[in-house]
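4 protein chains.
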Amino acid sequence: MKKKSFSIVIAGGGSTFTPGIVLMLLDHLEEFPIRKLKLYDNDKERQDRIAGACDVFIREKAPDIEFAATTDPEEAFTDVDFVMAHIRVGKYAMRALDEQIPLKYGVVGQETCGPGGIAYGMRSIGGVLEILDYMEKYSPDAWMLNYSNPAAIVAEATRRLRPNSKILNICDMPVGIEDRMAQILGLSSRKEMKVRYYGLNHFGWWTSIQDQEGNDLMPKLKEHVSQYGYIPKTEAEAVEASWNDTFAKARDVQAADPDTLPNTYLQYYLFPDDMVKKSNPNHTRANEVMEGREAFIFSQCDMITREQSSENSEIKIDDHASYIVDLARAIAYNTGERMLLIVENNGAIANFDPTAMVEVPCIVGSNGPEPITVGTIPQFQKGLMEQQVSVEKLTVEAWAEKSFQKLWQALILSKTVPNARVARLILEDLVEANKDFWPELDQSPTRIS
Amino acid sequence: MKKKSFSIVIAGGGSTFTPGIVLMLLDHLEEFPIRKLKLYDNDKERQDRIAGACDVFIREKAPDIEFAATTDPEEAFTDVDFVMAHIRVGKYAMRALDEQIPLKYGVVGQETCGPGGIAYGMRSIGGVLEILDYMEKYSPDAWMLNYSNPAAIVAEATRRLRPNSKILNICDMPVGIEDRMAQILGLSSRKEMKVRYYGLNHFGWWTSIQDQEGNDLMPKLKEHVSQYGYIPKTEAEAVEASWNDTFAKARDVQAADPDTLPNTYLQYYLFPDDMVKKSNPNHTRANEVMEGREAFIFSQCDMITREQSSENSEIKIDDHASYIVDLARAIAYNTGERMLLIVENNGAIANFDPTAMVEVPCIVGSNGPEPITVGTIPQFQKGLMEQQVSVEKLTVEAWAEKSFQKLWQALILSKTVPNARVARLILEDLVEANKDFWPELDQSPTRIS
Amino acid sequence: MKKKSFSIVIAGGGSTFTPGIVLMLLDHLEEFPIRKLKLYDNDKERQDRIAGACDVFIREKAPDIEFAATTDPEEAFTDVDFVMAHIRVGKYAMRALDEQIPLKYGVVGQETCGPGGIAYGMRSIGGVLEILDYMEKYSPDAWMLNYSNPAAIVAEATRRLRPNSKILNICDMPVGIEDRMAQILGLSSRKEMKVRYYGLNHFGWWTSIQDQEGNDLMPKLKEHVSQYGYIPKTEAEAVEASWNDTFAKARDVQAADPDTLPNTYLQYYLFPDDMVKKSNPNHTRANEVMEGREAFIFSQCDMITREQSSENSEIKIDDHASYIVDLARAIAYNTGERMLLIVENNGAIANFDPTAMVEVPCIVGSNGPEPITVGTIPQFQKGLMEQQVSVEKLTVEAWAEKSFQKLWQALILSKTVPNARVARLILEDLVEANKDFWPELDQSPTRIS
Amino acid sequence: MKKKSFSIVIAGGGSTFTPGIVLMLLDHLEEFPIRKLKLYDNDKERQDRIAGACDVFIREKAPDIEFAATTDPEEAFTDVDFVMAHIRVGKYAMRALDEQIPLKYGVVGQETCGPGGIAYGMRSIGGVLEILDYMEKYSPDAWMLNYSNPAAIVAEATRRLRPNSKILNICDMPVGIEDRMAQILGLSSRKEMKVRYYGLNHFGWWTSIQDQEGNDLMPKLKEHVSQYGYIPKTEAEAVEASWNDTFAKARDVQAADPDTLPNTYLQYYLFPDDMVKKSNPNHTRANEVMEGREAFIFSQCDMITREQSSENSEIKIDDHASYIVDLARAIAYNTGERMLLIVENNGAIANFDPTAMVEVPCIVGSNGPEPITVGTIPQFQKGLMEQQVSVEKLTVEAWAEKSFQKLWQALILSKTVPNARVARLILEDLVEANKDFWPELDQSPTRIS
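So the sequences go chain by chain: A, V, S and Y.
Residue numbers for the first sequence follow the working numbering, beginning at 1 and rising by one.
Residue numbers for the second sequence follow the working numbering, beginning at 450 and rising by one.
Residue numbers for the third sequence follow the working numbering, beginning at 899 and rising by one.
Residue numbers for the fourth sequence follow the working numbering, beginning at 1348 and rising by one.
For the record, the hints were derived by calculation from the structure and aren't laboratory data.
Keep in mind that this is a model prediction, so the values were computed, not measured.
Quick reminder that beta carbons are idealized off the backbone N, C-alpha and C, glycines included.
Keep in mind that a hint or two might mislead.
[Unchecked claim] Which stretches of chain S does chain Y cover? Using the computed rule of at least three CB atoms under 8 Å from a CB of chain Y, they are:
| hint | segment |
| --- | --- |
| 1 | 1033-1047 |
| 2 | 1244-1256 |
| 3 | 1260-1266 |
Kindly produce the complete structure, drawing on both the sequences and the hints.
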């Protein structure tokens, strides 16, 4: 019986990630056949440049796939099985401000952690809800596979504001780290590992890693990580310097709890000062990306569109993103794949807020994710996670209630922010910088000396 | 690489189930190779009659397996990978009293439900702990696969009194009912179904059943069960009348909650009067088994031992018990099989006592079971389960504290017992009947008029 | 400074309790000055006969109090500080059916316990919500002091359907039993006792009783109750036979848990058979009341109205109801009185459903009740209470969702109902009997053989 | 009937607080009669200088009180009704190091908050347990009234390591702040206020303050505090500059949550930088106290002992400490006084760790404290409190398990410590400084770059 083929819309078509993901989808048509692929964005000019290249890729590799790029929600979201969402409200320009404003006050300036993540979240909530509503309006049976950042705040927002929506929140960081673990262990693929992991998004720990036979791989990994972090002795693939620092820093982050292996983003919470020291407040990661990947991708796309051929294209298949296909297939074919998803806790972590959105192993089938219980977590992780989940929940409360006070409280609570005064100064700058993107907040009744 | 082969001891070697299970093990040597098989029992005379036949089976079908039957704990439990426990403290004679005493007062008289289950539990706790202690003394790395009844009370006792023991509590009733569901659905095996189920042992509900592609099979099953119970239109295999009544009664039990499919044992709690009406206080199920299966198995074993051949044997392979092999393989080879096990709740059912032993789907690997979260259960099931788990916990508290009062409270709480007076009368009879098996209870300070 | 005086409306003016309560209010004007007293009922003819007498009482004892009896909600609920609610939807006639229908099937027939309480609850919810809405419409700052039965179901309904309403649910049974305890102990008033108590309404236990100096009075009380129940050696006041049986039966109920002293209503759950045995299905307590108190009160009221004098009145001050004044004063004057109220659990009982309405000691002030924590309750009480609270919650869910199925589940769960079939038969009779009072339930999809 | 009089031992007799407290006790003999007063300390030389003066006070004011100062536990703790504990293990010298070491790294250096509190806690646990064990050995019916700091860590330690001990943990900070609130409101005493408050010790918030009639005093207080902090317009009593800064800083701390009024210690967590800025790493509060109060008290005591008269004594009655008498009287006479105590949460705060030691209003009687439920707390306070309670619990776990790793985790988690590296550096210095007082910790397996 010929496998059913699917209709996909990529929300955030103008993203620099779109070409690599389209190539990845075209590379997995065997397992995941596609009949229709659409790009949707609210920035027509930007999306058309990306779409030009994707059109060439598809005509060359799978001409029978119906392809369209549109800014019309009805066209984009009608007759769709899956929405693959990687939107970035405010694009890199706003990300630069997210990073630079905190650094002005000596505070971590990062895309999803600390004040930057809060600012980015306050922009993203409206965007993700909008797309979710389009999906439910035009394709009520569709699923949204959301890997838009900051996933933690977006996931809490969809839990609170769209509790019954068919949205799966997933993050690629654990995938990337597990790829490195596999290299460190000499395995051919991370899929040879069975892992137990828990935390919030960008804020978690591996507690058990076995091979297929059930042998415990943690001792070997811990031994390696305690010396080299997540840098394999022989790098399969060269990475940018800043990523290399991150994987090396895992060494110190792991020292804080030798019983586990940490998600690398914890560096921003446990060693914020080190992060600030190596940041340039006037030229942050966002600037690197704009000058690096964004420039590269758009120049390549223009060239492919111009030459109506991908022959000279240097754009690589983003196979690292194949977890999106795994997730889509799990829903489509009830595969029961074991994947880390961001889901409502509801008892999975026994001694943690049942309404928190936690990142835990799930068995994914056509009915969605079945979280696997974690049990009780140690006090160190509970203390860190309760603090951080309160930041995320207060941010969503602030967005929903247009509350300056609650957003200030979110910043005060963040482990990356040293005190309430700096929190207030950063917030006032962020309000100003985001006035075109955030809901208008009520005026805080309180001043501090 | 030649698969590792295992050493097994069957605790309760003298059980009538042993021959069928040994035949089943011999039928599954391909997937689960065995190097040594021992029977252990504290009733030498009874075990030797069973062992005689098993010896013949093994010599005929797998002569290289080292076989022994012993009443010496050290011999039995040394160099063992798995203990397969199906003990019955007090044998069928006491089960007959468990059933007859309550019936004397018009109350359900059943092996594991109501006062009978409480009495049986009070006998079994000591027996299971004893075996567990032998295992940990002589083979500290071994696992106990316990399907001794009453599994709910035994599981609560091991949780409370041996919290760190490597014991897996499992029950074959859901396996049996799922076999029938598969027949009703026209599937070749229950393993083609992916199920979601929750409850206490002998006290649970299926909430979702899909085929491999994720299609919802519940509507079809509910339609069938609401008319015929768990009786397929064409019975694959004739069953005893009393089992047939049970599978038919599922029809009425299911009516109490049309959203789910019930475990058949719920009939004793929702329709106790019907159960009592069709029981004969002087000739209960235990008597049927003694006159039926027990007599049959022992005569067959004597014959096989006499003829030193299984040629004329009518003892069938108990393939229904192959779930035991599935469980052993999951531990041995880290298969990650999805099975219903009785595990500590600890958040799996979000709105239920975290310390309750609940029967839920688990992913089973070499580290043991990983329960899959159930989420929040409806008020009807919560009310029934909280009442019943209190019966089970009070029984274990009564055993541990030798408390007549707590055992009376357990009986008062049972849905099968109409009032505190009858609970008291039954308890006093059971105390008398079990004085050789139960711990000696303190004298209750209270009388009732 | 002259104490503020209050405006009261008694909802359920036509109740036989109204005259005694009015006399009690007039007897407590010193502590609780009243400027305006209104009676409200939806049965004008019945209320006018009661109002006639009350008019005489007020003119004789406190002529400056403005008095009115009305069936007009706006008039009744405008300019009101307190609504004192003792409504009985369906009056005694329906209560008779509540009691007789279950008895037909050998099941407890009682006003607030078992099927009778469920039926009464299904009538009362709408009535209490209606009054609450009138109060909030016409006197938004007022408080409703609700002692309408069945208080447990009414309290759960107001929690779920009017979560922010200023309603205090209180019951007089503990007050009555504590009065008797005081007599047993030789104290002049129950107010010399400091008690710790927990449970659901009509379903609780005293765990600690001290005198003012902190001496433990439990041993002496337990000693007495274990022999005589709640019957003091010398009765201060003769009670009706049925009440006497109830207070005597406490002896057996207490035996089920010698560590506590029980609420007498537990007799219907622990000794339902004894209750049924002494009931006459054709002449229940409701009939006794109609023939007894109801006839007496209305004849007395007619006489007082006729004679325009209370001189020959035999209607007594209902000082037992002075707890209503205590509660009103606590709100009015922020007295911080310690009283048993029915409040949302929310942690008061640590190991019990946080959304359950539980009866626990509270400190009552102008902001309402502050529940005192109970801590963790034993397994016996938890099992009983979880079962019973599920009955109450399912009844309110059934009312809100018009669900025949959920009401059947409520009856199945009740400890007083022996099995699902009898539950179904009783339900079908009750549906028929209450078609003028209950919401119209959907048709249950299920039949049982 | 002549009131019973009591035997008291003050543990930490050599404390500078002892004279003021003894004078306070002598000033309250009417409400709390004392027959025997003993001082106990393990520093004889220091205690004798204090005892000399106390001996004079007692002979002058209540000669019939039996007085003794001893370093012998049996003598001190025999025939005792109450142990009043204000011990300081390591005295002010170690407190100076607690404050100076963190300041070396730009981190808050304070007696009970941040690294200083953790270091002080690691010294105090052993000391308080020792005294508790003496009390239970020699006067098993006695109660310990503990106001030794750091009360939060000491309370968690006694909860975990002595769960059944009769110890009441109380703190005087809320008392001091409520005194100031009363002045701000123009009330004669804080006892005219009924408060609702929750938090951890030195980490809480007032949520409701009423006068006796139930009028809401919060608006007026919030208005004042948002401008002047806790500084009344006319100071009843001049305070030291550092205390004045603290009460003024409440203004900024309150801005973080305008719905509540904060405990002043929150300044160290919300404005750590401001605290560090005004600290002199070489001359901290401990030095001020040694040079100030300690020198003053010991010189005064020497003079009183020399002159065998208190005539020229400038030592004031520490009436601020009369809360200790209130607490003792509540136990002794079952007064049911409403006081803030540090008790096991166990549901009092519904959405917070049930095993946390929380500071909440309690009704105190002869059976000990009955916590009043708080209900659910907002996300901001929950985030802050979960982080801080994890610091406290990890400190006690580190003490009990002699774990360097867990103590490092406690420091990492503290909101006052900027990152894991500084946490590590501070810890290594504190280990060195406290080697005579802390248990010897295992060596951490981990290093950081």
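Against the structure, the hints come out as follows:
1. Counting residues of the segment 1033-1047 of chain S whose beta-carbon sits less than 8 Å from any beta-carbon of chain Y gives 0, not enough to reach three: the coverage restraint is violated.
2. A stretch counts as covered by a chain when three or more of its residues have a beta carbon under 8 Å from one of that chain; for the segment 1244-1256 of chain S and chain Y the count is 6, and the coverage holds.
3. Remark: the segment 1260-1266 of chain S is confirmed as covered by chain Y, as 4 of its residues place a Cβ nearer than 8 Å to a Cβ of that chain, reaching the required three.
Checked against the numbered hints given earlier, this structure breaks only hint 1.
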